Amino acid sequence: MTKIQRSLHRLLLVTAAALSLATIGNQAYAASAEDLNADAAQALQTLYKNNPAAEAIGKKAKAILIFPKIIKAGLVFGGSYGEGVLNKNSQPAGYYNSVSASWGWQAGAESYGYVVFLMSNKAIKYLDTSKGWEIGVGPTLVVVNEGIAKNLSSSTLKDDAYAFIFDQQGLMASLSIEGTKISRIKR
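Numbering (the working numbering), first residue to last: 353 to 539.
Derived by calculation from the structure, the hints in this document are not laboratory data.
These numbers were taken from a predicted model, which means no experiment stands behind them.
Think of the CB as a built atom: it goes at the ideal place given N, C-alpha and C, for glycine as much as any other residue.
Check each hint, because a few of them may be wrong.
So the derived label-pair ranges between C-beta atoms look like this [said to hold, decoys possible]:
| hint | residue 1 | residue 2 | range |
| --- | --- | --- | --- |
| 1 | Ser535 | Ala393 | 15 to 25 Å |
| 2 | Ala408 | Ala385 | 26 to 36 Å |
| 3 | Thr354 | Trp457 | 18 to 28 Å |
| 4 | Gly522 | Asp387 | 20 to 30 Å |
| 5 | Trp457 | Lys477 | 33 to 43 Å |
Please take these sequences and the hints and turn them into a complete structure.
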């Protein structure tokens, strides 16, 4: 393959990834605040039904950030997008989006939901005052898998935030919320 052919091939891959992300963003967009609130409430109930540890943590949380549906796609370059609701005292207190971009050996598409339980005032303040929470920067976040969930109790909850990923559908080689940016949006 010549240098020009390789450059053209790369350009096509970047263009395909960009078009995929534009399509994803349009599909993940919630029609209204009411729709997003309803989707978030249903997603939280689904998580609680399938994971009793999440429900126990939810009862101790100061706020809960719920992303009912994140769409992720990639072909070398990829990304994800979804919108969510911040609940305080079981009431919507703000709306946020979750965005990530990645590159590397990846191909596929999937959807999933995730919930972040904010356990401290520090975590809530950081979310409220930052220009976007970059997961991996700021308050301590623990992504909970089944093994960790079995060992969590009210006496072992010591971190600022706990995230549960659920309802994964589709085919993608890996799943992580590391490198995700959560930003406030208007609804």
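Here is what the structure says about each hint:
Restraint check, Ser535 to Ala393: a C-beta distance of roughly 22 Å satisfies the suggested window 15 to 25 Å. The hint said 26 to 36 Å for the Cβ distance between Ala408 and Ala385, and at roughly 29 Å that hint holds. At about 24 Å, the beta-carbon gap between Thr354 and Trp457 stays in the expected band of 18 to 28 Å. Against the hinted window of 20 to 30 Å, the Cβ-Cβ separation of Gly522 and Asp387 comes to about 22 Å, which satisfies the hint.
Against the hinted window of 33 to 43 Å, the Cβ-Cβ separation of Trp457 and Lys477 comes to about 38 Å, which satisfies the hint.
The earlier numbered hints are all upheld by this structure, with none contradicted.
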